[in-house]
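Generate coordinates for the entire structure from the input sequences, incorporating the hints supplied.
2 protein chains.
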Amino acid sequence: MITELSEYLSSEFGIQFKNFDLLAEAFTQASYVNEHPKEHLKFYERIEFLGDAVLQLYVSEYIYQRYPELPQGKLTRLRAAMVQEKSFAAFARECHFDQYIRLGKGEEMAGARNRDSLLCDIFESFIGALYLDQGRDAVKKFIARVIFPKLDLGWFDHAVDSKTSLQEFLQRDGDVDIEYHLLSEGGTENAPEFTVNVSMDGQVIGEGTGSSKKHAEMAAAQAALKKLRQDKQ
Amino acid sequence: MITELSEYLSSEFGIQFKNFDLLAEAFTQASYVNEHPKEHLKFYERIEFLGDAVLQLYVSEYIYQRYPELPQGKLTRLRAAMVQEKSFAAFARECHFDQYIRLGKGEEMAGARNRDSLLCDIFESFIGALYLDQGRDAVKKFIARVIFPKLDLGWFDHAVDSKTSLQEFLQRDGDVDIEYHLLSEGGTENAPEFTVNVSMDGQVIGEGTGSSKKHAEMAAAQAALKKLRQDKQ
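Taken in order, these protein sequences are the chains called R and H.
Residue numbering for the first sequence follows UniProt numbering, beginning at 1 and increasing consecutively.
Residue numbering for the second sequence follows UniProt numbering, beginning at 1 and increasing consecutively.
Worth flagging that the hints you see were computed from the coordinates, not collected in a lab.
None of the values given here were measured: they were computed from a predicted structure.
Please note that a few of the clues may not be correct.
Unchecked claim - No farther apart than 30 Å at their CA atoms in a straight line, the calculated lysine-lysine pairs in the DSBU-like style are these:
no.	chain 1	residue 1	chain 2	residue 2
1	R	K163	H	K38
2	R	K86	H	K18
3	R	K140	H	K18
4	H	K140	R	K141
5	R	K42	H	K18
6	R	K18	H	K74
7	R	K140	H	K74
8	H	K38	R	K74
9	H	K214	R	K38
10	H	K141	R	K140
11	R	K141	H	K141
Written as structure tokens, this is what we have:
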């Protein structure tokens, strides 16, 4: 199974693992080790400990560089969204890592192979093994393919407000002028309604409505982001 | 002040900072920025965000390599002891970083310069700046001087049990045979007392007493560690 995994990593990601024992360790759960006492196997937890810290640093470094105006609080929220269990489990599934985990029979029957917490652990332990075997540049290349594009796809928008996301999206390729204009102010005293549009260098790119000017601006930014991302695909 | 700091870093640590703005940012608190609005200064928080992750990784990597037999739970406890606020504040004081922080007058009066939370932040932001300006090898060299020797001095012993600490201490330079022998079992039924000694390659290096065999072994390991560390100094 480790041979298959190694071939898959090579063909899919161009990664040629040198140390197969390390790779095996990264994909082996304790339950499997316990069922094969004579093989003196190791399970993934120590490598996962390292991989967790590797991911923390390179995700932090990337968003620190990419969002030079984002204050610490928002950087922290964004990182938390990116490195959480749900995100890592999704990356592990996308990379088909679930197919290669070595599990004990009981855990297999209990459905561990599709459990977010295990998939998250395996994603971290894979990164730890990659770091030890191939070095940091290999890790950076791998997460530049698997994690960072999700920023542009809006996976982590909830962690940063839409106006900030739109600004970062538009200003990646140079300075642009982003403006919000109040189009109408209506509704009733108890249910006010504001409509706002957002323009880039004078061209309207989105419109939104909300119960306050700020909410309307957020909605306009969200609409613009959605449209821009569709156009990009 | 940044000139003085840069000269100090050069003479004391052999670190020649290239980007003085970055170094200034790492040592500037928001209160100082607010008092000097015309200078358009930046404060340390974004760099601290990065430095925190840098420290997490290189501390994790070091203890992962140094303690190849330590299970994940103990690695996590040890790392938590090493990267906590109290530890980082102590390192910052030892490096005299407190003298170089740029604070607003109110914060200065309130004694912020000697506050653990600020000193911890500054230690992290210094590491972040060092990483950005000089790269990871400079960071590893710096923490190999400032942080890792504290492991041998026993700063973090509380995070790992004494028997483990003693084993790691003795086995750093190669395999040795560590044995615990029960010397006596006495006391009363309600207050039993065990005495144990510990030997390395047949030579007794410590003795301890406790209310159980395990406690006595811990005490013996602790005594041996204390003695060995004294001899080493």
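These are the hints, each one checked on the structure:
no.	hint	verdict
1	R/K163 / H/K38	holds, 27 Å
2	R/K86 / H/K18	violated, 40 Å
3	R/K140 / H/K18	holds, 25 Å
4	H/K140 / R/K141	holds, 22 Å
5	R/K42 / H/K18	violated, 44 Å
6	R/K18 / H/K74	holds, 28 Å
7	R/K140 / H/K74	holds, 28 Å
8	H/K38 / R/K74	holds, 25 Å
9	H/K214 / R/K38	holds, 29 Å
10	H/K141 / R/K140	holds, 22 Å
11	R/K141 / H/K141	holds, 26 Å
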